Amino acid sequence: MKLLEIDDLHVSVQGKEILKGITLSVPEGELHAIMGPNGSGKSTLSYTLAGREGYEVTRGQVLYRGDDLTALSPDRRAALGVFLALQYPVEIPGVVTLTFLKVALNAQRRARGEQEFDAVQVLRSVRQNAAALNIPEDMLKRPLNAGFSGGEKKRMEILQMALFEPRLAILDETDSGLDIDALRLVASGVNAQRAPDRGILVITHYQRLLDYIVPDRVHVLAGGRIVRSGGPDLALELEKSGYGAVVEVA
Amino acid sequence: MTALARSIGGHTDAFRHDFARREVELPGGALQWLQDRRRAAMTAFTAIGVPNRRVEAWKYTDLANLLEPDLLPITGSGDADERVSPLLDESNHLRLFNGFLSRCASDDAIDIVDLSALRGEVPDWLRENFGVLACGPDQPMGAASLALMRGGVAIRVRRDNSLALHFSNGASLRPCVSHCRVLLLVESGVSVRLLESHTGETSSGSLRNIGVELILNANSRLEHIRLQKDAADAVHVTSLGAMLRRDSQYRACYAALGARASRLDINIRLTGDRSEAALHHVAAVDTGIADITSVIDHASPNTRSRQLFKNVAGGHGRVVNQGRVIVREGSVKSDSHQLFKALLLSPRAEVDAKPELEIFADDVLCGHGTAIGALDEDALFYLRSRGIPEEEAKRLLIRAFLAEAVEGFGNEAIRDSLWQELEGALTKAAKASR
Ligand SMILES: Nc1ncnc2c1ncn2[C@@H]1O[C@H](COP(=O)(O)OP(=O)(O)O)[C@@H](O)[C@H]1O
Ligand SMILES: [Mg+2]
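Read top to bottom, the protein sequences are chains C and D. So the first sequence is numbered by numbering that gives the first Met the number 0: it starts at 0 and just counts up by one. So the second sequence is numbered by numbering that gives the first Met the number 0: it starts at 0 and just counts up by one.
No lab work stands behind these hints, which were simulated from the structure alone. Honestly, I wouldn't trust all of these hints.
To be verified - For the chain C half of the interface with chain D, some residues (derived, Cβ under 10 Å), not all of them:
#1 Y46
#2 A78
#3 F82
#4 F163
No experiment lies behind these values; they were computed from the predicted model shown. Note that the Cβ used here is the ideal one computed from N, Cα and C, for glycine as well.
So here's chain D without its partners, still in its complex pose:
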């Protein structure tokens, strides 16, 4: 598998050359500890390369063949735009343009480090926690994002807080690639809400390659609401690694609303006793691929994970849901459940769903289910017989289908803006299905 992947890989070679030529020029190139982690990441990446369908975890999303042949690495932020996050909130607002931190408004309970300007003195929390997750061979694109990182942001939150992280990119004449990293460290006992949004109105087949590290210290809480909406010809890969220490809780609601291909590649380690992760995902696509692939690693007793993925695919859109749950030896009383549901609005829409369990401990509770179908004809007739026109009745049913995954996240204003984005994508999906 590895040899084959490598022999194909024009992009893999291009990434390697980029690294070999510019290693010392990259941000923090003079920091030995960082250089060591980057080299290890490059080795991990090279073992797999830019994955194609022969790599098992990428068999439904042939990344290597979805990319434009030549991708120019983005080395500077260019002129930042002033677009704000569509998930409006009064929180601390950070913007990343082309993968570089462009604007940053925050209070004093948050420490922020611009990763494009790493040099000299680096805070201990950064050195201890950065470049540890989302950089192994199981997340090859995450490894590339660390090795080739040009920009990004590291954040430490010390008091209960809420912050927004908005990614956008500028027009380019050629297809580009940006490698960007994010670290969020939530200190013990602290509760954080993270709003992450990606909009990309402009792309000429560019690749966004983002690596995200979330570290939840003991007793902390992180609520993560993520909106990804890229241009129809863009490719977006986010590799997310999370480490959950004792009694911490991670709750996430991810929305994937379009791209030529988007992949959210998740690896969550429940390393502390009684830590919990709940991942909700909604996808609404009319074209392209929306892929969410997760690995949840129950590495401690009494840990709990929940996954609820709800997908709506119209036109010739395709959705991919893969979830692997691992329960390590000794992780007794682990409790996990994953449920993948998809609604297909068109005969050309597709879904690939693959839940997997690897259990090495006794006394555990693990369940999974998948349900794929079209809109319920009985329900549609019922609503129409009550005077609700066909299009409106469909919208009502689709919204009802997704509601469960969105309920309970954020506040009313955040949910409203999320719904507004979802309705936009659903309207496109319904139109493309006619």
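This is chain C alone, in the form it adopts within the complex:
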């Protein structure tokens, strides 16, 4: 089954059309990369998929496991298995990270009619995943993302992805601003999440990440449209000739 099917998607923000007819599908078990220059609409696409207010779908449709996704609230989407790692994770002073993780995890479970986890279960699960991402215990006791470095914030996003076990994960420039060690850590975190029943959409500006995460398909987004799609080699081609050439050919 197609996990995600986007068909002729048009999205406006504050009356201005940003996405101008995107068609794209991600089958279960595949990892797709979306590449594109700054301002091409990558974050707009990811916010639209996550259900942020103010991103108005004016034409086209988005099906998630066969159902219309656009009518659902962000929290409902999350409970159904859609996860977005933000390009700029938000700082939330006053909410302890571990508390947040427990509240979020249990909210999702409650919405799905599953038994909530107790504090011990949450802690065990968080610890396991945190260790793999080199996230120290102390970070979990601090307010969520408050004063975290860029790399810490991105690792925290991947920790959440590991914890929530989504069916569809969208990673919006999770690689940007990371040094090479942090990049490797994040990439291995993502690779560990690849699974036959899971689809992953990796959004990136740079080819660099794709040295570590090999995609099944690569799509090039420019001016609010997918201008080219291809196999992993497309990323290498982009690196050699730059976006300009690819966009022109299209």
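Given the coordinates of chain C, assemble chain D with the ligands onto it according to the supplied hints.
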């Protein structure tokens, strides 16, 4: 200003007549020293009257026009109720019903005097300290509470201790006014925790007028946790005066959770070297006015004050934060900071914030800031995208906003009950904003 205030003042005249008619019948009417202080207080009150918006310090809370036209003075306690403080604690428990001491359980390290029964022999500590603070023209309602006092309590604490003071009132057919005083004297070197709570489920537009005097002798510590939650049609004014002697510390966390209008009118004098005051305030309202107005007077060198006011207003609630910091000549190395923050949950909610500085000394550190805004949309989306439903996400963010002001006060049980009260008020505020 004074003439105008007076010409309006039906209540001012009513208070004056009450005093003129009953002066000798009032508790302690036969004590000359007390009579002198009451007369001085009446003069101070009359200079301003029941303040209306033309009185600068009351421009955001027009008290005279918020009161019912006729207020019947409460002259007896009536049948006391048995409600206990919502800030549960195993400390010494005093209850005031309709402004009269109704129940009193305390140990022998505390001296307690029922102010409704003042006569004959009065302990020296009481005569020296009572009726000195919260009774000048800068706190006109405090002055009225002293002049017209019918009841209240004076407390002296001689050893480290903790006490709870719970105020409640009974049903009345007509709008009433109760004038009540509290004196707390903390002896040198002693640490005290004071839990003060006000609940008023019943009111028919009544006014609670309370004057509180806190005297911290050298090296003493007072932690003051105060919960004020009145009926939606009640008006509550507490005038608080504090005197901090050498090396003493006053830490307070005040919570204002509803009334037609509540005003906490504070005057803190840092009279002793190295004395410190830290005032934290949280307000959560969905209707009516929650006003905290403070004057902190750095009257000695090396004194320090901190103020952190955090307000959440929903529905058509209004919050008022005014803070004036005075640094007197010679009060070098004074250090003061005030920060007022408000979260508005509804377009009809309002906030008035006014920090002021009057500095007459060199080599001081004084700062202030205000921040007013709505809930952060980015944060709200972030939480929702993690599966947290909208209402729960809002509650989490509001709680996070207030947390800083409550942290570190009391013990876990006290904080839990404070949070429970806060959550109740926040739920109402959020509902009224939909
Ligand atoms: N909230 C907004 N209001 C108006 N324009 C926006 C808003 N967000 C993004 N845009 C515009 O939409 C376009 C795409 O932005 P974005 O999706 O952030 O691109 P990318 O993530 O590919 O860098 C840009 O031209 C940007 O200026
Ligand atoms: Mg972007």
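Checked hints:
Using the Cβ-Cβ criterion of 10 Å, the hint placing Y46 (chain C) at the interface with chain D is satisfied: the shortest such distance is roughly 8 Å. A least Cβ separation of about 5 Å between A78 (chain C) and chain D falls short of the 10 Å threshold, and the interface hint therefore holds. For F82 (chain C), the suggested interface contact is upheld, since its CB lies about 8 Å from the closest CB of chain D, less than 10 Å. A hinted interface residue such as F163 (chain C) counts as satisfied when its beta carbon comes closer than 10 Å to some beta carbon of chain D; here the least separation is about 7 Å, so the hint holds.
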